[in-house]
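Visitor: From first to last, the protein sequence lines stand for chains Y and G.
For the first sequence, the working numbering assigns the number 1 to the initial residue and increments by one for each residue that follows.
For the second sequence, the working numbering assigns the number 1 to the initial residue and increments by one for each residue that follows.
Source of the hints: derived by calculation from the structure; they are not laboratory data.
All C-beta atoms, glycine included, are put in the ideal place defined by N, C-alpha and C.
Accuracy of the hints is not assured; some may be wrong.
Said to hold, decoys possible - With a cut-off of at most 25 Å between alpha-carbon atoms, the simulated PhoX-like pairs for lysine-lysine come out as follows: (1) K316(G) - K202(G); (2) K135(G) - K202(G); (3) K41(G) - K338(G); (4) K157(G) - K135(G); (5) K202(G) - K39(Y); (6) K315(G) - K194(G); (7) K33(Y) - K202(G); (8) K338(G) - K315(G); (9) K157(G) - K3(Y); (10) K227(G) - K3(Y); (11) K135(G) - K3(Y); (12) K42(G) - K338(G); (13) K346(G) - K307(G); (14) K342(G) - K307(G); (15) K33(Y) - K42(G); (16) K281(G) - K3(Y).
Claimed, not checked - Footprint (simulated), chain Y over chain G, 3 or more residues, beta carbon under 8 Å: (17) 125-138; (18) 149-156; (19) 238-246; (20) 269-277; (21) 365-371.
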Amino acid sequence: MEKWNIGVGLLMVGVGGTLLVLGICSLVMELLKRIFPYKEEK
Amino acid sequence: MTPLEAILQGFKALGAGFSTLHWSNLLMIGVGLLFFYLGIKKDVEPVLLIPIGFGCILVNIPLSEMMEEGGFLRIFYDAGIKTELFPLLIFLGIGAMTDFGFLLEKPYLFLLGAAGQFGIFLTLLLALALGFDLKEAVSIGIIGACDGPTAIYVSSKYAPHLLGAVAVAAYSYMSLVPIIQPPIMKALTTQKEKITMMGVYKRSVSGTAKLLFPVVITILVGFIAPKGLPLVGSLMLGNFLRECGVVERLSKSAQNEIANVVTLLLGLTIGATMIGPVFVKPQTLLVLGLGFLAICLDTICGLFLGKLLYLLSGKKINPLIGAAGLSAFPMAARVVQKEGQKYNPKNYLIMYAMGANAGGQVGSVVAASIILSVLERMGIG
């Protein structure tokens, strides 16, 4: 039973955590793009 | 001992290898030869399958003691797999080889890289249902990362006895992505979704943002899931060497010399874990089957998130790019491009798919880092 509880816990934390961490990464990178905008090379 | 007895003993010693041969050793020598065939004739991951095949043949020749304490392959195994060093060095090379620019152009593609990892967790539950213990289930589920070094890193930590099967499954299914994914993509998307055109991919990321990317990801993921820092850190170190532009020699070494030497030793030692009497059992077939399922589930979850983004974006995002959220770089992206063009020859999805694919690379190490950290916190280390 305990292994099931841990398994379900891992499923929830794993799916939610991966999505959350990568979501934060996407926001941070969006922010970095704004702080350091791309400039066309002359 | 008479001279005749000595001669007979001598001949007996020469034939000892044959007399102690187990049928499963013969089968595994056949598997080694099959890997040669697949690598040489079919071009299936030859860089890995050839050393794996050779390692597999070496350890299945009885009495060679290659994997006994002090044996030739055991030394490599202890130095590189037991210490988890080889997969990390491979990551260093992968980081140096990967251009994350495609991903940074459209950061929302990170989300598809996350969805491409959900199969790991679903397969973990299935493995538990089939009677594997938790550590084994984690090692099997991680095949769904579709990322050889991550799978090797996690399984060598939690279930070294499954390492051979897990590694072979991870690398084989990575190369089978062009066969596994298209039927799923066809079945789960409508004609209207398949032909969705996406805009032109403009360059919009500065060199500074690309340079800061590996540093930011290392710090961020390191704080959230510190137990996975060796994985994230080595991947991002490789990428930092590439992007900083002042250590080209180190970057090239990581991409070539280090990656090549470690790939050879990694392949040999993985092959060395495939000892007949230990490897040939129903459990191995189950691991291979579950690994296959994990990749299918990753593709399904990626496509579903792609469909959600399609709706949320006002039908501007082609859901097919969701299938590229796997870590199999760049195979999954190529599959998306090919399938997209099959339904709409004017559609160029490759840049978006490469972005999602690079997101999958980050996603796989993040997912593994979360698993490692959560299990450590639960006292299962």
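Visitor: Now tell me, hint by hint, if it's right for this structure.
Guide: Going through the hints against the structure:
With a CA separation close to 16 Å, the supplied pair K316(G) and K202(G) stays within the 25 Å bound. For the proposed pair K135(G) and K202(G), the alpha carbon gap of about 45 Å is over 25 Å, so the pair is violated. With a C-alpha separation of about 24 Å, the suggested pairing of K41(G) with K338(G) holds against the 25 Å cut-off. Note on K157(G) and K135(G): the hinted pairing holds, with a Cα-Cα distance of about 9 Å set against a maximum of 25 Å.
Distance hint between K202(G) and K39(Y) is fulfilled; the C-alpha atoms sit about 12 Å from each other, no more than 25 Å. Proposed proximity of K315(G) and K194(G) is supported: the alpha carbons are some 11 Å apart, at most 25 Å. Taken as a hint, the K33(Y) and K202(G) pair is honoured in the structure, with Cα atoms around 14 Å apart against an allowance of 25 Å. Of the pairs offered as hints, the one joining K338(G) and K315(G) holds, with about 20 Å between alpha carbons and a cut-off of 25 Å not exceeded.
Our distance criterion of 25 Å between C-alpha atoms is met by K157(G) and K3(Y), whose separation comes to about 18 Å. Proximity of K227(G) to K3(Y) is assessed by CA-CA distance (about 21 Å); at most 25 Å being required, the pair is judged to hold. Distance check on the hinted pair: K135(G) and K3(Y) sit about 10 Å apart at the alpha-carbon level, within 25 Å; holds. Distance hint between K42(G) and K338(G) is fulfilled; the C-alpha atoms sit about 20 Å from each other, no more than 25 Å.
Using a Cα cut-off of 25 Å, the hinted pair K346(G) and K307(G) holds, with the two alpha carbons roughly 21 Å apart. Note on K342(G) and K307(G): the hinted pairing holds, with a Cα-Cα distance of about 19 Å set against a maximum of 25 Å. This hinted pair does not check out: K33(Y) and K42(G) have alpha carbons roughly 43 Å apart, beyond 25 Å. About 24 Å separates the Cα atoms of K281(G) and K3(Y), which keeps this hinted pair within 25 Å; it holds.
Check result for the stretch 125-138 of chain G against chain Y: holds, 6 residues qualifying (beta carbon to beta carbon below 8 Å, three or more required). Counting residues of the stretch 149-156 of chain G whose beta-carbon sits less than 8 Å from any beta-carbon of chain Y gives 0, not enough to reach three: the coverage restraint is violated. A stretch counts as covered by a chain when three or more of its residues have a beta carbon under 8 Å from one of that chain; for the stretch 238-246 of chain G and chain Y the count is 0, and the coverage is violated. Counting residues of the stretch 269-277 of chain G whose beta carbon lies closer than 8 Å to any beta carbon of chain Y gives 0, which falls below the threshold of three, so the coverage claim is violated.
Counting residues of the stretch 365-371 of chain G whose beta-carbon sits less than 8 Å from any beta-carbon of chain Y gives 4, enough to reach three: the coverage restraint holds.
When the structure is compared with the earlier hints, violations turn up for hints 2, 15, 18, 19 and 20 and for no others.
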